[in-house]
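Those protein sequence lines, which keep their order, are chains A and B. Our numbering applies: residue 1 is where the first sequence begins, and numbers increase by one. Our numbering applies: residue 1 is where the second sequence begins, and numbers increase by one.
Simulated from the structure, these hints should not be mistaken for lab results. Any given hint could turn out to be false.
List time: in silico DSBU-like cross-link candidates among lysine-lysine, alpha-carbon distance up to 35 Å [said to hold, decoys possible]: (1) Lys367/A x Lys152/A; (2) Lys367/B x Lys367/A; (3) Lys24/B x Lys152/B; (4) Lys367/B x Lys120/A; (5) Lys285/A x Lys120/A; (6) Lys367/B x Lys285/A.
Protein chains: 2
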Amino acid sequence: MIITKPNIGSLSMQKWVTYLDDHKSQFTNELLDFLRIPSISALSEHSGDVERAAQWVADRMTVAGIEGVRVLPTEEHQVVYGEWLHGGDRPTVMIYGHYDTQPVDPLTLWSQPPFEPTIKEGRVYARGASDDKGNMLVTILAVEALLQTEGKLPVNLKFFFEGQEEISSPGLQGFLAANRDLLACDMVVSADGLQWDEDHPALLLGMKGSCFLEIDVLGPRNDLHSGLYGGAIQNPIHALAQILSSMRDPDGRVLVRGFYDDVISPSEEERADTAAIPFDVDSYKEEVGVRAIYGEPGYSTLERTWLRPTLEVNGIWGGFQGEGLKTVLPSQAHAKISCRLVQNQDPAKIVDLIATHIEEHTPPGVKVTVRPMSSGTPAYVIPANHPGNEAARAVLESLYGRPPYHCRLGGTLPVAPLFLKELSAYTVTLGFGLQDEGAHSFNEFFRLSNFELGQKAYCQLLERLGEGP
Amino acid sequence: MIITKPNIGSLSMQKWVTYLDDHKSQFTNELLDFLRIPSISALSEHSGDVERAAQWVADRMTVAGIEGVRVLPTEEHQVVYGEWLHGGDRPTVMIYGHYDTQPVDPLTLWSQPPFEPTIKEGRVYARGASDDKGNMLVTILAVEALLQTEGKLPVNLKFFFEGQEEISSPGLQGFLAANRDLLACDMVVSADGLQWDEDHPALLLGMKGSCFLEIDVLGPRNDLHSGLYGGAIQNPIHALAQILSSMRDPDGRVLVRGFYDDVISPSEEERADTAAIPFDVDSYKEEVGVRAIYGEPGYSTLERTWLRPTLEVNGIWGGFQGEGLKTVLPSQAHAKISCRLVQNQDPAKIVDLIATHIEEHTPPGVKVTVRPMSSGTPAYVIPANHPGNEAARAVLESLYGRPPYHCRLGGTLPVAPLFLKELSAYTVTLGFGLQDEGAHSFNEFFRLSNFELGQKAYCQLLERLGEGP
Numbered sequence: 001m002i003i004t005k006p007n008i009g010s011l012s013m014q015k016w017v018t019y020l021d022d023h024k025s026q027f028t029n030e031l032l033d034f035l036r037i038p039s040i041s042a043l044s045e046h047s048g049d050v051e052r053a054a055q056w057v058a059d060r061m062t063v064a065g066i067e068g069v070r071v072l073p074t075e076e077h078q079v080v081y082g083e084w085l086h087g088g089d090r091p092t093v094m095i096y097g098h099y100d101t102q103p104v105d106p107l108t109l110w111s112q113p114p115f116e117p118t119i120k121e122g123r124v125y126a127r128g129a130s131d132d133k134g135n136m137l138v139t140i141l142a143v144e145a146l147l148q149t150e151g152k153l154p155v156n157l158k159f160f161f162e163g164q165e166e167i168s169s170p171g172l173q174g175f176l177a178a179n180r181d182l183l184a185c186d187m188v189v190s191a192d193g194l195q196w197d198e199d200h201p202a203l204l205l206g207m208k209g210s211c212f213l214e215i216d217v218l219g220p221r222n223d224l225h226s227g228l229y230g231g232a233i234q235n236p237i238h239a240l241a242q243i244l245s246s247m248r249d250p251d252g253r254v255l256v257r258g259f260y261d262d263v264i265s266p267s268e269e270e271r272a273d274t275a276a277i278p279f280d281v282d283s284y285k286e287e288v289g290v291r292a293i294y295g296e297p298g299y300s301t302l303e304r305t306w307l308r309p310t311l312e313v314n315g316i317w318g319g320f321q322g323e324g325l326k327t328v329l330p331s332q333a334h335a336k337i338s339c340r341l342v343q344n345q346d347p348a349k350i351v352d353l354i355a356t357h358i359e360e361h362t363p364p365g366v367k368v369t370v371r372p373m374s375s376g377t378p379a380y381v382i383p384a385n386h387p388g389n390e391a392a393r394a395v396l397e398s399l400y401g402r403p404p405y406h407c408r409l410g411g412t413l414p415v416a417p418l419f420l421k422e423l424s425a426y427t428v429t430l431g432f433g434l435q436d437e438g439a440h441s442f443n444e445f446f447r448l449s450n451f452e453l454g455q456k457a458y459c460q461l462l463e464r465l466g467e468g469p
Numbered sequence: 001m002i003i004t005k006p007n008i009g010s011l012s013m014q015k016w017v018t019y020l021d022d023h024k025s026q027f028t029n030e031l032l033d034f035l036r037i038p039s040i041s042a043l044s045e046h047s048g049d050v051e052r053a054a055q056w057v058a059d060r061m062t063v064a065g066i067e068g069v070r071v072l073p074t075e076e077h078q079v080v081y082g083e084w085l086h087g088g089d090r091p092t093v094m095i096y097g098h099y100d101t102q103p104v105d106p107l108t109l110w111s112q113p114p115f116e117p118t119i120k121e122g123r124v125y126a127r128g129a130s131d132d133k134g135n136m137l138v139t140i141l142a143v144e145a146l147l148q149t150e151g152k153l154p155v156n157l158k159f160f161f162e163g164q165e166e167i168s169s170p171g172l173q174g175f176l177a178a179n180r181d182l183l184a185c186d187m188v189v190s191a192d193g194l195q196w197d198e199d200h201p202a203l204l205l206g207m208k209g210s211c212f213l214e215i216d217v218l219g220p221r222n223d224l225h226s227g228l229y230g231g232a233i234q235n236p237i238h239a240l241a242q243i244l245s246s247m248r249d250p251d252g253r254v255l256v257r258g259f260y261d262d263v264i265s266p267s268e269e270e271r272a273d274t275a276a277i278p279f280d281v282d283s284y285k286e287e288v289g290v291r292a293i294y295g296e297p298g299y300s301t302l303e304r305t306w307l308r309p310t311l312e313v314n315g316i317w318g319g320f321q322g323e324g325l326k327t328v329l330p331s332q333a334h335a336k337i338s339c340r341l342v343q344n345q346d347p348a349k350i351v352d353l354i355a356t357h358i359e360e361h362t363p364p365g366v367k368v369t370v371r372p373m374s375s376g377t378p379a380y381v382i383p384a385n386h387p388g389n390e391a392a393r394a395v396l397e398s399l400y401g402r403p404p405y406h407c408r409l410g411g412t413l414p415v416a417p418l419f420l421k422e423l424s425a426y427t428v429t430l431g432f433g434l435q436d437e438g439a440h441s442f443n444e445f446f447r448l449s450n451f452e453l454g455q456k457a458y459c460q461l462l463e464r465l466g467e468g469p
């Protein structure tokens, strides 16, 4: 794809372009090696694999010529750090990515084992291919190309690769606070990001915050016979259904008292940026596989996902789930909930509001406990004219032949607000995933064309950042 | 226990009493053998075990001296039939029981493997011990004692043991219709029953009907990232919670339109029978392990479970249920529902009403299908003065020293209304389970004292029935 872009010609003058092209198949094989490590951060039985992935990353960084590479402990999975600090008074840029992956269940939906990567039609299929192993490896390879061909980098560079992004980075708050000097930088560039589609680049100007909780509804001591006790004992599943129903109105507007109190409504600029992006509801419905869209009245689909806070049940279970009949009145029922939050909402306060709501809506006869699943993440926004965004915009325009859309994201990158708070550094996002690549779902893949495009983009970005504003 | 009853003395004159006492440990060992067969009718991987249990029963019947024993196919699991028809013009009684069991999950709650029976403090612990293997084996042993000591039985006798009671006997309607002559009888006596407690006998005068259905809520084609799609796509779990909540008011009264239309309100006699039974709400709460009871206003706890129709969710599942976080907006959510029905409610009509209700309460953006899980069972009632009940009452009074309570049951015995319809025979219930024995739950057990008491009760009952009204 890259060679069809008209204004890409000047790139071919660069020695690192040749280096990247010459090492294409080696780099692809290395990506496959990286993808074979089942580094699922959420599952304790995979913690050894998460460590193995950290070591793989550290080793690959050292091979690339990155200095001071070390694997550092946090309260959760490790951080892999590295640096190249011979850029004098050039800016210090810290590259961010994550080497952990989402879980893979339900496994039955995968066309292949998720940790046995397969290349088909220019795509590499594996859990973590797009989110985020493919994207983060890009940055190491780009830096290698620069170091091997130029002998130096255009900026001072640090690397920060974490292994707990998919579990909301619970260990990073403490780690950043304790390592402010080591990590000091002028900006962060995150390789955990998306472009709009194959032909349209995007700048990411905001990400939602999040909070997570689990609800446990406890009824009778044991499962009971639904005939012998039905109608006389509160059923925990009914109680849970009642609680969950009370949390949203039929349009998905959250009914938890105070949920919207601190919300800053979308600005004119945010709404205009969003409206400027072509969005076809019919293809969206077809892509997702639903007959009707849905959501808070008065907002478009993109506004709902990018600019409005949400509450979703991620999982529910209780009673008999097997084949056939088992007519129990169950002892327990459970649900997992996540909220996506916008600017100015405090995740801890939202969890408290939900806990209060649940308490007020718990029917008699059951005991309900609410467990926050992490300390949560506030929303994150970066000014469109931040120097890092200006550089990324120029790179994307040169690679794609058109300016990037100004996008926001319903997803959360927990570390971005932490970098801002602890290091006073904004996080610019430059990643080459696409929305159809099955991140957090099954048959995840990454386009090899974007794997290569990304390497060239990072070389260009570092050069531009080295030129200063 | 039996020897402490004052008016039991006359029993010791009977030769079959000695026979039963002499064979106590052999019979207990045979019960353990029977309980080792994991005859779970709901799970197809156990269908071989269900067949094995049928053969075990047939073999044991033959050893007992029962004639014409055969294992007969139905559309579902087999029926074991046997007979002794040399009673001339004495009435023909058909003994009923079931050799299948409930599933055992969650296995973690059991103190021992459920199919490795263990005797502790006069109780035998195993799945099926109380419901119904212990109770049904009682009847074969009683008949053996009569045949071995008297050389004959006081009535014409048939046996009908099924292997599909725990899945609502889907194959019996057709089987009974096709075998009316073979099964013709004056009455059925069911060994699948309970006494009130260790000291108080009970006559069972009614059982609820039932119907079962599964609800499948289908949303997006695949699980989606809750950040990228949350708020814009209907969440199947929320939709299901909304549907389930719409089905009952906070007191458990069913809100499905038409659900109560055909209900005949409890009669004065039924309410008086129920009110005559001592019932302590505090011990009930303690036994079940809840802080508050619950249910339809205007009815007592016993009336709610015995005389009023109910709707309960038996199981629910959807999305991520594992450890930690997986922030999906799930593709599907599911629930299993059972209703317990009273006299004059038609199970098929109730399923239709629920399906209509669900259709009317399905929010946009999801597709919901409703699958009936069986053809359902109507409620069953037997007159208190049926000759079988008169005989059972006399036996219970002689064994316990007090007249039985007149009880109803929230549970369902699907075959009882079928026997009435196809054979014009009422089913009298005489079983020796107790409510605390964990039927349909974990750590199920049966009291060996009742295993022995039951054998003597059945000998007495057959003698009384042989005397005629």
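Here is how each hint holds up against the structure:
no., hint, in the structure
1, Lys367/A x Lys152/A, "63 Å, violated"
2, Lys367/B x Lys367/A, "32 Å, holds"
3, Lys24/B x Lys152/B, "21 Å, holds"
4, Lys367/B x Lys120/A, "33 Å, holds"
5, Lys285/A x Lys120/A, "26 Å, holds"
6, Lys367/B x Lys285/A, "14 Å, holds"
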